[in-house]
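The listed protein sequences derive, respectively, from chains A and B.
Okay, so the first sequence: first residue is 52 according to our numbering, each after it adds one.
Okay, so the second sequence: first residue is 238 according to our numbering, each after it adds one.
The hints are simulated quantities; they were obtained by calculation from the structure and are not laboratory data.
We put the CB at the ideal spot given by N, CA and C, even for glycine.
Any given hint might turn out to be false.
[Stated by the list, open to error] Label pairs and their calculated CB-CB ranges:
#1 B:393 <-> A:373: 53 to 59 Å
#2 B:244 <-> A:60: 49 to 55 Å
#3 B:393 <-> A:388: 52 to 58 Å
#4 B:510 <-> A:69: 54 to 60 Å
#5 B:489 <-> A:122: 46 to 52 Å
#6 B:259 <-> A:205: 53 to 59 Å
#7 A:324 <-> B:244: 53 to 59 Å
#8 B:489 <-> A:320: 30 to 36 Å
#9 B:489 <-> A:83: 49 to 55 Å
#10 A:236 <-> B:259: 46 to 52 Å
#11 A:397 <-> B:463: 38 to 44 Å
#12 B:238 <-> A:83: 17 to 23 Å
#13 A:295 <-> B:391: 35 to 41 Å
[Stated by the list, open to error] Here are a few chain A residues that sit away from chain B, every Cβ distance over 10 Å (derived from the structure):
#14 105
#15 106
#16 169
#17 328
Residues per chain are reported as follows:
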Amino acid sequence: MDELVATMTAFARTLRAAGVAADHERTQNLLRVLDHLDVADSGDVYWAGRLTLCATPDDLPRYDRCFAAYFGGERAGVARTSTTSVTRHLAAETRGEADGGDEKTAAPATASRAEVLRHRDVATLTEAERAEVHRMLAMLRCGRERRRSRRFEGAHRGVLDPRRTIRDALRKGDVARLRHKRHTTRPRAVVLFVDVSGSMAPYAESLLRFAHALVRSEPRATEVYSVGTRLTPVTAELRHRDPGTALNEVSKAIPDWSGGTRLGEELKEYLSRYSARGAIAVIASDGWERGDPALLGAQMARLARQAHRVIWVNPHKGYEGYQPLTGGMRAALPYVDDLVAGHSLAAYERLSERLAHA
Amino acid sequence: MDIESPAKLIELLDRHAYLADEGLATAAFLALRMGRPLFLEGEAGVGKTELAKTLAALLKAPLIRLQCYEGLDAAQALYDWDFARQLLHLKAAEAAGVTDVGRLEGEIYDRRFLIARPLLKAIETQPSVLLVDEIDRADDEFEAFLLEVLSDFTISIPELGTVKATTPPVVVVTSNRTREVHDALKRRCLYHWLEHPSFDREVAILLRRLPACTETLAVQVARAAERLRQADLVKPPGVAETLDWTEALLTLGAKELDPALAAATLGAALKYREDVSNVLGNGLLPHG
């Protein structure tokens, strides 16, 4: 029996190394299950392990591989065919078409300067104009959709609160009045990923300032990460009241400004450590993925399953005729609920509006 | 009922016209033997719900079903007080001149005023099969709550005390995987991913469930279903759909699946207009 325990524990360890979440508790479950099966039958052992150590369909091909390697391949035939094929990295070939767009926003003659600035691409602004846009960003008030929580609070209207009505009635000896209750609400969480890689350099600062406005308006329901070559949480830095100080702190925290983008790997890291359950996930990136687009696609699928909504903010979306052609963008698109522009103050305002009514 | 091995369970399920493979049978066997919930994941129509129904029939136990949806809460899943009857009782007591609050309270929170919802009902009914259907549709708060109930099969009702199952119900939790279910809940359960059946198994299922079906027709339908599942459809047909489809064909007196009949009955297999036009437009149906 001891030998069995040792074998199974080592097998679970192999699985963990292969990326299956076969933790201690699951291993204990496996040992319990084996009490009821025939440990000499490789079929029984196969199913005992699969039923207790796996938790998602993604685990199954890994499980089959490990089982075959570990127990000598008798069950290799059961392996599910993996649907992920190696997709060619398209970013290099498809880059470049979005940049050439002329500034076409024709401002009406009567519009104020601020109104014109609202629609200008932040990448094309002069220093002074940019400073003005940033001031306007700092004043952006970001509402947030509120979701119903499971808690109730007393209210004058709403559904009847039988518990309190009956208690009241008992206390006063008469059903004096009906009490009501309704669900309390809480703001829906937002998780924002800001791409700070080289190709996003003209937009990263404005996006982070937008992130600052988001954090400031819902400090407990907003999380911000910078992505590039690594995932860096920057929410704490963005909590500073003053946007200048906050941005300064953020820039110190981010080690990988203007590098490449490995969004797939970073999302994978995010998803294995944190959760976007029920939140609105916002990814601000141009989708010029350096990593494997297939990996990005798989992580986006996971994210989409967890999150309430997935919004992709692409600065180039603001231009007429924009087509999401980069490899990363194409891999991610099937899992994105909204693809929105992110190049101007007006675009940020619309995004904020969308987060308020997602 | 004593079921000594997964093989025996395969046989018993077969008697109730449910053809299970080794994996599913092992999962169900362990769920019965160890009193652990069975978490079944897989695309719609692969037979997750059907398994719960068949287990109930096989164990001669009532099937208690909790259909999940967003916003499902404890009062709808566990129990609720029959507020209207409680108030009537208070009124009647008042008319009779009862003023003893302690006594009134005792009377009002009596078991007869309690409405058992599926989870409480399953814990009180022995034996029973509890089907928690489409858990992926409920919100995550509900999962946490379900986890608590499934951990010790105990429900505490503040006014009444604790209700505990002497033998836990057989629990089948299903998910269509429209979102990720929390790991803690899955860890409590045996996890099984249900695939569409293999070609041979599907033929066997059609013949088993529809005695009027000829072998030729079953083979043709199963082959067509296999092809449809490989096509890029919004909702590929599950076993439930191939059964419906075959039944529709049988109703029309079909002995074989010819293209005209297939096109006429396709609506039984495919549930999206895009899919139907995709299949008809791309000639995915059998030819002559």
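Determine whether the Cβ-Cβ distance between residue 244 (chain B) and residue 60 (chain A) falls within the hinted range of 49 to 55 Å.
At 28 Å between Cβs, range violated.
CB-CB spacing for residue 205 (chain A) and residue 259 (chain B) relative to the 53 to 59 Å hint:
With Cβ atoms ~56 Å apart, the hint holds.
Using the C-beta atoms of residue 295 (chain A) and residue 391 (chain B), is the stated range 35 to 41 Å upheld?
With Cβ atoms ~56 Å apart, the hint is violated.
Range first: 52 to 58 Å. Now tell me if the beta carbons of residue 393 (chain B) and residue 388 (chain A) are that far apart.
Violated - the Cβ-Cβ distance for residue 393 (chain B) and residue 388 (chain A), about 40 Å, lies outside 52 to 58 Å.
Determine whether the non-interface label on residue 169 (chain A) survives the test: each CB of chain B must be over 10 Å from its CB.
Its Cβ never comes within 10 Å of chain B, the nearest being 37 Å, so this holds.
Do the Cβ positions of residue 489 (chain B) and residue 83 (chain A) conform to the proposed distance bound of 49 to 55 Å?
Distance hint for residue 489 (chain B), residue 83 (chain A) holds at roughly 52 Å.
Quick one: are residue 238 (chain B) and residue 83 (chain A) within 17 to 23 Å, going by C-beta?
About 22 Å separates the Cβ atoms of residue 238 (chain B) and residue 83 (chain A), which means 17 to 23 Å holds.
At 10 Å, judged by beta carbons, does residue 328 (chain A) keep clear of chain B as stated?
violated, 5 Å
When you look at the beta carbon of residue 105 (chain A), is every beta carbon of chain B farther off than 10 Å?
violated, 6 Å
When you take the CB atoms of residue 510 (chain B) and residue 69 (chain A), is the distance between them in 54 to 60 Å?
violated, 42 Å
Just want to verify: residue 106 (chain A) was marked as not at the interface with chain B; is every Cβ pair farther apart than 10 Å?
Given a closest Cβ separation of 5 Å, the condition is violated.
Honestly, do residue 236 (chain A) and residue 259 (chain B) meet the 46 to 52 Å range at C-beta?
holds, 49 Å
When held up to the earlier numbered hints, the structure conflicts with 2, 3, 4, 7, 8, 11, 13, 14, 15 and 17 and fits the remainder.
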